[in-house]
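Undergrad: Here is what each chain is made of, one letter per residue.
2 protein chains.
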Amino acid sequence: MSTETVPPSSAEDLPATAPAATPGAAADARVETRAGYRAPVVDVAALTTFLDGKYAEVRGLVRRNLADYDSILEEAETLSRDDFRDRVRDVVVEMATTGQTGMGFPTEYGGGGDIGASVAAFETLAYGDLSVLVKVGVQFGLFGGAILQLGTQEHHDAYLADLITGKLMGCFAMTETGHGSNVQALGTVATYDVETQEFVLTTHGEAARKDYIGNAARHAEVAVVFAQLEVGGTSEGVHAFVVPIRAGGEPCAGVHIEDDGAKMGLNGVDNGRLSFDGVRIPRTALLNRFADVTPAGVYESAIENPNKRFFTMLGTLVQGRVCVGGAGINASKVALTIATKYALQRRQFEATSEDEEELLLDYGLHQRRLFPLLARTYALHCAQEVVAGQLHDVFSGFADDEHARRELESRAAGTKALGTWHATRTIQECREACGGAGYLAINRFTALKADTDVFTTFEGDNHVLLQLVAKGLLTDYSSEFEEMDQFGLVRFVAGMAVETVIEKTNVHKLVERFKDLLPGGDQWDQEAGLLDPDYQLAMLRFREEHMLAGVARRLKRGIDNKMNPGVVFSRVQDHVIAAARAHVERLVLEAFVEKVATLPDGDLKVALNLLCDLHALSTIEADRAWFMEHGRLTVQRSKSISREINSLCRKIRPLAEDLVDGFDVPVEMLRSPDLIRH
Amino acid sequence: MSTETVPPSSAEDLPATAPAATPGAAADARVETRAGYRAPVVDVAALTTFLDGKYAEVRGLVRRNLADYDSILEEAETLSRDDFRDRVRDVVVEMATTGQTGMGFPTEYGGGGDIGASVAAFETLAYGDLSVLVKVGVQFGLFGGAILQLGTQEHHDAYLADLITGKLMGCFAMTETGHGSNVQALGTVATYDVETQEFVLTTHGEAARKDYIGNAARHAEVAVVFAQLEVGGTSEGVHAFVVPIRAGGEPCAGVHIEDDGAKMGLNGVDNGRLSFDGVRIPRTALLNRFADVTPAGVYESAIENPNKRFFTMLGTLVQGRVCVGGAGINASKVALTIATKYALQRRQFEATSEDEEELLLDYGLHQRRLFPLLARTYALHCAQEVVAGQLHDVFSGFADDEHARRELESRAAGTKALGTWHATRTIQECREACGGAGYLAINRFTALKADTDVFTTFEGDNHVLLQLVAKGLLTDYSSEFEEMDQFGLVRFVAGMAVETVIEKTNVHKLVERFKDLLPGGDQWDQEAGLLDPDYQLAMLRFREEHMLAGVARRLKRGIDNKMNPGVVFSRVQDHVIAAARAHVERLVLEAFVEKVATLPDGDLKVALNLLCDLHALSTIEADRAWFMEHGRLTVQRSKSISREINSLCRKIRPLAEDLVDGFDVPVEMLRSPDLIRH
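As given, the protein sequences belong to chains A and P, one line each in that order.
In terms of UniProt numbering, the first sequence has 254 at position 254, counting the first letter as 1, and numbering is strictly consecutive.
In terms of UniProt numbering, the second sequence has 261 at position 261, counting the first letter as 1, and numbering is strictly consecutive.
These are computed hints drawn from the structure, not numbers from a lab.
Some hints could be false.
Each pair may be met inside one copy or between any two copies, as identical chains are not told apart.
[What the hints assert, rightly or not] Under the rule of at most 20 Å between Cα atoms (straight-line distance), these lysine to aspartate or glutamate pairs were calculated in the EDC-like manner:
| no. | residue 1 | residue 2 |
| --- | --- | --- |
| 1 | 308 | 230 |
| 2 | 54 | 393 |
| 3 | 167 | 154 |
| 4 | 639 | 532 |
| 5 | 167 | 94 |
| 6 | 167 | 83 |
Based on the sequences and whatever the hints tell you, model everything.
TA: Structure follows, in structure tokens:
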């Protein structure tokens, strides 16, 4: 723990203009500093308890397992690809014996019966080797999740116990070479043969082969295959089937398996391609929770609308998205821990003293590079806790209505997108902040970068996910679009629904609502303290609402002008993405503010409020052009925000090591023998 | 070649507000579009000729060599690390026989006698495997360059002929574990022993060991070692010595060699660590172009000031920096070629048609993601041509004065920083734009990402380089600071010089100069056409001057307030970096504008002007908050710029494939069998 204090008075910022015009809380902070600001003392153990939340025990179990299997980090570099794949499989199966990977399954099959715990376990696993993480995700999340969520009792009885132990390895065969984002257009076909009461699976052409399927190239015996169901000559849309693909190490008859080969990272996961040449599976192989085919060949479903049926099925698989977001956030913690500790021991150039070179972390620029990312990691951690909690509530039946599911799906999409982009950015910045040393594999960034890179793509391409978020926002104004295609605003705009939606959105009413967003009236935001969370949140809410109205207005204008809806969408797409992002940014800040508010007054709260302010102001600063363009930020105030950020960075400087220690990344997972003091 | 036209009228942008307020050329462009804008027809061969410039022949040779050795791309994935290192060495030595790698050396030793040609050859090599590139850089650029530039006739006679053929492999041992950026503080010591007329090389402690040294772990027989020279008990600063380190595959006596092991990328280069335990080398091993020690132990140098001497030595090695910047830019071209071609064959979601899914490149967001990066690649290509030309002129003796050298060093630093950051960003965006397919190693992004990652660090950390640029800008106002430490504004601020400099900078005069930057008077920029290059350049010039004055003002205020100069620097550091970046951005745009202006009127010029406008406006847009904060951009005009960028993207869309084909990346270097049409 640190007890340093920030130097007073002379440690002030150096505004280019006289500070007289600086408004609100920024000026207050300056007075406070002059009066002798005392840095809070961070109780690291209490901080970890705070971050771990209700699943501290589960997270502790995973941390211990990671330490027990720490050799995997080196094995990722030294073993051949096949050997490493097998080693990862073995580690996953061994970890399964500790209960860590089965938390989310029903207890009657050997699971833990706690969905929230399963997410917490998965997230924590992201401190270690990410092939292990993804292998766990494939086996227990995707494959196991599909059996659990799309199957019925018969499937549960047949598969769950064995897949929870890892005795039965499986894969999740949705994506095809030709279709990743637009999964409604998959090309694999399953035709019902009423004579034999079987489905016949066929891959029509290379674009329809299953691709990038984890566990497929080497280990899986069974696949959950998504295919267009054809019954009696009618296409009923995409459904899932359990298909044996490998027995005794050899592909089953009619199943062709190819290896996807070397990947950028995650080479401990055996991604492969599957194609089916008239493969026959029994009628009961259809995962029939939402739809079934009778022996006589009659298609039945309680959900009448095919679109709604498809997206109801997909919606049950949202856990994967929640998990990947959390994994990205936790991978960022590893990178930040290493980079921060390195900057606290690495010195370069004499600056404040002639006798000793300066610590990297005492350079203002270095603080500016790392601390906003640190603050954002905390913010995303809190947002992740919210979405994981919602997932738990919905799937445990505590809050399982249509609205809750839609909100969960939107939040999961948004948090995943922001969390994984954050990982890419943070790991990159941390690598650069560690210089050439950061380039050596032993110092972790190699694996972190390579392994997390695809997080922005799998479980939904981030841009497509943000479009899903935007669609949800636009349709929130109208309940009759529930059944709409969730996987792209494209078809939403292209479809006949667009004009109606836009009418309902009622642009003018929306604009009126803006004023209500500013608690102290229209000019209040020009006077409010920069460190007032109400102000910070009001700014993000205003942006969100304004951007959304802008999107609606642009869509409407395009349609009114009789433009092709696809062209309209293409033109407005950057606004669509920006509006969705603004929405998620608001949710993230809210989560952070609310979580910190639960703390009792004291040093820990003071410390986390510094981070919360830094995150909020950094978020506003990053888009300050927009706020100025929309009259919510004067030039003076915009500059004050930048100064306040520098001031916050200096206050966080003495707390930095404690703030990364609070993540409690097992020391074995940091490696970096030459970068940090062990 | 494409002859598509952009759809008229209905293809207009969708401004949120009425277009009446749109000023200048944006309105003109709209009229032009309404009148039926015709997309230019790009002659790809002419475009390649234009880009290749005066070294087309050399670039052609390298392209052919790359195609001949294309198996190296796959070998990078399949061979063991040691085998791949040896293979890369073999390829480099074989390529050397074509003359490709020796272009920069004097003809009397078997070189090509053309420095510009050597840079062109190196840049082009970046289309292929980057271990080969870096091995070439180490052997011929760093090692060979040090012998050539720091040595004298005797060293040239002894080493050049053999190193040009690759018979003698060498390394460049400057960086130490403890010092990378601040190389004046290196810890290795070379003590002159007058008795034996030898230097004794010693590594004092682990921080002083040479680290990350390419060619050291396996292949080099000789190292150029940078060490603190001690003569008669006096330290004379860092000098370079030729040191045998390996004979018959074994380390020489007293030389300890370690392997740096697995790295994120560039695993065909054998980076290692060297330490010296009283290693004795003859007096003539000192590379004595700028300083010498007489047999009797008298230190002599024509350059009296030790700082100036050191930086004169370092300055002769600037070619490495120029080369790395060019390599980053060319690696970006490979990524953009693949991502653009993929987006021209990959379809996802029905948008404009119900029968066929939309090409990725027809989505507005996809254009926004790729085209500004494409435009910036062209801009940086032009900037690189300028700095490579300056390098050629200075080192060929055409323009070798102090001022030209300082300008070259600043430009090399700035272009390297922007070019390599651009590579990191572009390759990442292109990978994401290729989705999961981009994650497979066969599709090139794996190697591009991993191998280029360290470009932002080696040959000078980018932030440190931008500080060097800033220092040059601040001291341009005063000639008496030539001898100052070039490797960090830190010591510049910490030293006694700072107040004098700031007085000389004369803030008020600087501010007066701003108005002169606006050709049509103080308000001219509010009326000028957005597509007028004079306007675009004036904006960037204004920003540069204003930021620089701001830095000077802040430094002065801090010193006036009696703050510790190191603290002042730390507080102003983000402004320092921003000012340097603004300067380099202006140089880049100027280079692009000037290069396009050399073209005769016609379709190619029209096409490149679209890219030039897109680059200029994207650059302004990215920092539009700053321009608004400083009164150079109204809200309306800022929004117009964003609309104009979208409009330019749509005009570039039909030209996109031709514009990447113009880079002429050999098809063998693209691989990506499933991503692009071959």
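Undergrad: Each of the hints needs a verdict: does it hold here or not?
TA: Tested hints:
{"no.": "1", "hint": "308 / 230", "verdict": "within (18 Å within a copy, 80 Å between copies)"}
{"no.": "2", "hint": "54 / 393", "verdict": "within (14 Å within a copy, 67 Å between copies)"}
{"no.": "3", "hint": "167 / 154", "verdict": "within (18 Å within a copy, 71 Å between copies)"}
{"no.": "4", "hint": "639 / 532", "verdict": "within (17 Å within a copy, 29 Å between copies)"}
{"no.": "5", "hint": "167 / 94", "verdict": "within (11 Å within a copy, 52 Å between copies)"}
{"no.": "6", "hint": "167 / 83", "verdict": "within (19 Å within a copy, 38 Å between copies)"}
Going down the numbered hints, you'll see the structure goes against none, and every one checks out.
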